[in-house]
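Participant: One-letter residues, chain by chain:
Number of protein chains: 2
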Amino acid sequence: MCESNVYIKNNGTETLVMENVAAITPCGENRFLLRGLLGDSQEVDGTIEDINLMAHKIVLRAQ
Amino acid sequence: MCESNVYIKNNGTETLVMENVAAITPCGENRFLLRGLLGDSQEVDGTIEDINLMAHKIVLRAQ
Chain W
1 MCESNVYIKN NGTETLVMEN VAAITPCGEN RFLLRGLLGD SQEVDGTIED
51 INLMAHKIVL RAQ
Chain Z
1 MCESNVYIKN NGTETLVMEN VAAITPCGEN RFLLRGLLGD SQEVDGTIED
51 INLMAHKIVL RAQ
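Residue numbers (UniProt numbering), protein chains in the order written: chain W, 1 to 63; chain Z, 1 to 63.
Next up, chain W with everything else stripped away, as it sits in the complex (with noise of 0.2 Å):
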């Protein structure tokens, strides 16, 4: 499966804020959708910093 954990980066230090994510959209000024696999979603607020998709990691940073 290709979900990727996403992590917000906040002064350097990343939290994990949503595992197996299956779908990001922008749902905003610098506001990202993520949404699981089982239909949970969670919206949270940042800009893309790196998508590694071989690492299934996907860094925010936080505004």
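Identical copies carry no separate label here, and so any pair may be met within one copy or between two of them.
Capping the alpha-carbon separation at 20 Å, the derived lysine to any residue pairs in SDA-like fashion look like this:
1. Lys9 <-> Gln42
2. Lys57 <-> Leu33
3. Lys9 <-> His56
4. Lys9 <-> Glu29
5. Lys57 <-> Glu19
6. Lys57 <-> Arg35
7. Lys9 <-> Glu43
8. Lys57 <-> Ile8
9. Lys9 <-> Glu19
Since the hints were made in silico from the structure, they are not lab data.
Using the hints provided, position chain Z relative to the given structure of chain W.
Facilitator: This is chain Z only, laid out in the frame that chain W set:
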């Protein structure tokens, strides 16, 4: 494998930019560096429109 194909959307039409992208990193204002599995890379202008990891598809919106 979890690489994705990256498309650019312009006036509603999606055009394939690069296949088997392993990593995406911002490299300027509304500009992204796409890196492939084999070390190939390409820069593309746009903003994130949708990331669908299950479909292995990432869509950027042309500026």
